[in-house]
Amino acid sequence: MENNEYQYTESPFNVSRRQFITIGGIVVALLALPVVWVKYLATSRNDYILARTKGLYRDDEKAKIRVSHANPAVAQYYKDFGGKPLGGLSEELLHTKYINRTKGLS
Amino acid sequence: MSRAVKTYQRGEIPGVIAINSSLCKGCDACKRHCPTGAIQGMFGAVHSIDVDRCLNCAQCLINCPFGAPYETSDAVDGVIAKLKDRSFTVAGIIAPAVRVAIGEDFGMPVGSLVTGKLYGAMKKAGFEILDNNFTADLTIMEEGSEFIQRARHAVFGEQGEHGAEIGPLPQFTSCCPAWVRFVETQYPALIPNLSSAKSPQQMAGAVAKTYGTKVWGKEANKIYTVGIMPCTAKKWEASRPEFKSAYEYHKHKGNTGTGTPYLDVDVVLTTRDLSRLFKKLNINLATEKEADGGTLLSEYTGAGTIFGNTGGVMEAALRTAYAVLTGEELKPLEFKKVRGLKGVKSAAVTLKDSKYNKEVTVQVAVVHGLAENIAPVVDEVLAGRSPYHFIEVMNCPGGCINGGGQPIQGGGSSWLGAVLPWFAWK
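If you read the sequences in order, they're chains A and B. Each residue of the first sequence is one higher than the one before, starting from 1 at the first, in my numbering. Each residue of the second sequence is one higher than the one before, starting from 1 at the first, in my numbering.
Calculated directly from the structure, the hints in this document are not laboratory data. Incorrect hints may have been included.
[As the list claims (entries may be wrong)] In silico EDC-like cross-links for lysine to aspartate or glutamate, where the CA-CA straight-line distance does not exceed 16 Å: (1) A:Lys97 - B:Glu184; (2) B:Lys244 - A:Glu91; (3) A:Lys103 - B:Asp52; (4) B:Lys253 - A:Glu61; (5) A:Lys97 - B:Glu165; (6) B:Lys124 - B:Glu242; (7) B:Lys214 - A:Asp80; (8) B:Lys331 - A:Glu61.
Next comes chain A alone, as it looks inside the complex (with noise of 0.2 Å):
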């Protein structure tokens, strides 16, 4: 018969109902994994700007004198060479004045 030549037998591939959830559970798990891992990484990727951070503020901690007008040697600057803040050899050495570069755009 001419019709046997089309005739189609379905593959017997069986999937129980506990293979098909085990299945799904690993491809959800697979599918999963690069969320994680960019969430790893958006929480991570500070960590070494706050390691250095950490390291300036624990400077901080263990120095000495911990305000800038209680520095000795700064007080000998002034006392020996500058004069006092805002006097006439700072405005001349510590202090200065800035330029508008639009100008040069248009």
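For this one, chain A is given, so just place chain B on it according to the hints.
This is chain B only, laid out in the frame that chain A set:
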């Protein structure tokens, strides 16, 4: 002059950062880190930098996954030559953020504080130590006094000595060269608000070649000053032609040894450059003996060292301003509200001005990461409705410790900016 150097003065380095076109993949990662949109080129095409918009901050450089951006100026060999020339005193101006980062280049854990080893290694290489933290303390004295003067002028109508002009509030900090360039190229109306105090690096250069001649017993033109910075914009800052104040000072005094004009800071090395210099001289920082600075130019306080963190300049300034205004020390000294990685941090301090015997409330703000956080703050100031009196601005996210001259630690996460919006529910 060519179009490329419109926003640069004669003598300045016209753009510290460029992109190597053979390494650039056109992935656009750098564009998300650029504070001014200076990077040109379509997605997929080779990118280039518009030097007139560029602030020279190198955030693109430390975040590029392919290492395409590079620095156009490299002074390592020049500095080694000066170190070998015994007729020069080479002063290394060490910024605060360098001491918590350079260890990374020698296999030490991230964030290791290596001040003593760094001093030791630098002395071995032939440097004299000028700790930038010393001039950070000097900056606080100048900038803090300036703030008190501006505040008293605004609140009590106090006049300057000899009728000197007093700037408006809010006062912006001026330590960050990228921020200064941002104001100069995009918001010139805010120039009067910038503190007139030089950055610690430029103060260090001026002090080294004036007061330093007494400390080291050398003529000013035999003192070679090297900024050692976590920052590429400092290379540009040092090349600004107006920063020859030590030369002007000696010329004015008629001192000998002036000769040809010289800059206050001759040359700048980044943290990465210094690591390279040590490696060329076979110095291993990790195994180096600890040393101390030697002269008074390396004595610093805790307030000077936190300049490298976002909020640090503000915290240091508040500690001193509080003591000057009230006559008492701030207790506790830690000012936690200006710490941390929030984009814009603000705080209020109520204190009694002992000179006028009146209570005043000082409103301060701290901004870092210009790309994302500066626009609203600047707009408020321009509209005249800013609640703040004193605003610290640092270009790089986290402050100088994450500067463009630091060891590269991105961890290859620069593409996250594009992906994170997909996970917006987190």
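Status of the hints after comparison with the structure:
1. A:Lys97 - B:Glu184: holds (11 Å)
2. B:Lys244 - A:Glu91: holds (14 Å)
3. A:Lys103 - B:Asp52: holds (12 Å)
4. B:Lys253 - A:Glu61: violated (42 Å)
5. A:Lys97 - B:Glu165: Holds, at roughly 13 Å.
6. B:Lys124 - B:Glu242: violated (33 Å)
7. B:Lys214 - A:Asp80: holds (10 Å)
8. B:Lys331 - A:Glu61: holds (14 Å)
Checked against the numbered hints listed earlier, the structure breaks hints 4, 6; every other hint is satisfied.
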